[in-house]
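Enquirer: Sequence:
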Amino acid sequence: MDNIIKALESLKTGQEKRGFTQSIDLIISLKGIDLKKPDSKFSEDFVLPNGRGKDANIVVFSDNLNDLDCKILTSADIQRMVTDKKMARKVANETEFFLAETPLMPLIGKSLGQVLSPRNKMPKIVTGDPNPMIRNYKKSIRIVVKSSPVIQCFVGREDMDTKKVAENIESILKFLENKLKNGRQNIGKVLVKYTMGKPAKIEVK
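Here the sequence shown stands for residues 1 to 205, where the numbers follow this note's numbering.
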């Protein structure tokens with residue numbers, strides 16, 4: 001943990017004041033994996049233990065649910081986006097995670113699949129009470145290994161407590177050690193950076 005905190009603290013040194021709160025990104029280079037093999041690729045939704053600093057934007061596709069703590073789009077909204085491609089792209093770009101009731105999935109796939117699928121944002125099915133799913137997804141990120149052996153993911157914001165961001169990073173590294181075939185041996189260089197800053201290396205032990 002101390003090595004992660006040290007790297008995060010070093011980002012603040014000589015940091016130019018920006019007019020916005022910067023994100024903190026984790027960049028992990030993987031080694032010893034063959035991306036020609038399908039089982040080497042994955043996409044996982046991961047709940048950060050201390051959240052993102054600012055909740056992820058969530059959209060639920062539903063004709064029945066209401067009073068949720070996120071945006072709800074109905075089948076009528078989906079139909080509208082079929083002809084309004086600009087609206088469809090805007091919603092897709094501004095939303096981190098989509099959830100949907102099962103009956104709407106065929107319509108979503110047919111109408112919005114070409115927009116959501118390339119962005120790896122096809123909805124997850126809502127089962128039972130959607131509120132726990134919504135709360136978890138607001139704290140989540142997506143960890144993707146697809147076309148390149150490099151993972152870049154959001155781990156917090158510069159106004160978050162440094163220890164909490166470090167705990168987020170530590171949890172991701174532990175997840176990868178369990179997920180990757182050879183565990184720690186598959187993890188190469190690990191960097192952390194602000195949106196507009198230079199990266200700092202985390203010495204992974």
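Keep in mind that the hints were calculated from the coordinates and are not lab data. Be aware that a few hints might be false.
As the list claims (entries may be wrong) - Below 27 angstroms or equal to it, Euclidean Cα-Cα: the simulated DSS-like pairs (lysine-lysine) are:
no., residue 1, residue 2
1, K146, K163
2, K54, K36
3, K71, K110
What the hints assert, rightly or not - So the derived label-pair ranges between C-beta atoms look like this:
no., residue 1, residue 2, range
4, N136, K179, 17 to 27 angstroms
5, N64, R135, 16 to 26 angstroms
6, P103, Q185, 37 to 47 angstroms
7, L191, K41, 42 to 52 angstroms
8, E44, P118, 31 to 41 angstroms
9, K189, P106, 20 to 30 angstroms
Glycine included, every Cβ here is placed at the ideal spot set by N, Cα and C.
Enquirer: What are the numbers of the hints that this structure violates, sorted from low to high?
Expert: 1, 2, 7, 8 and 9
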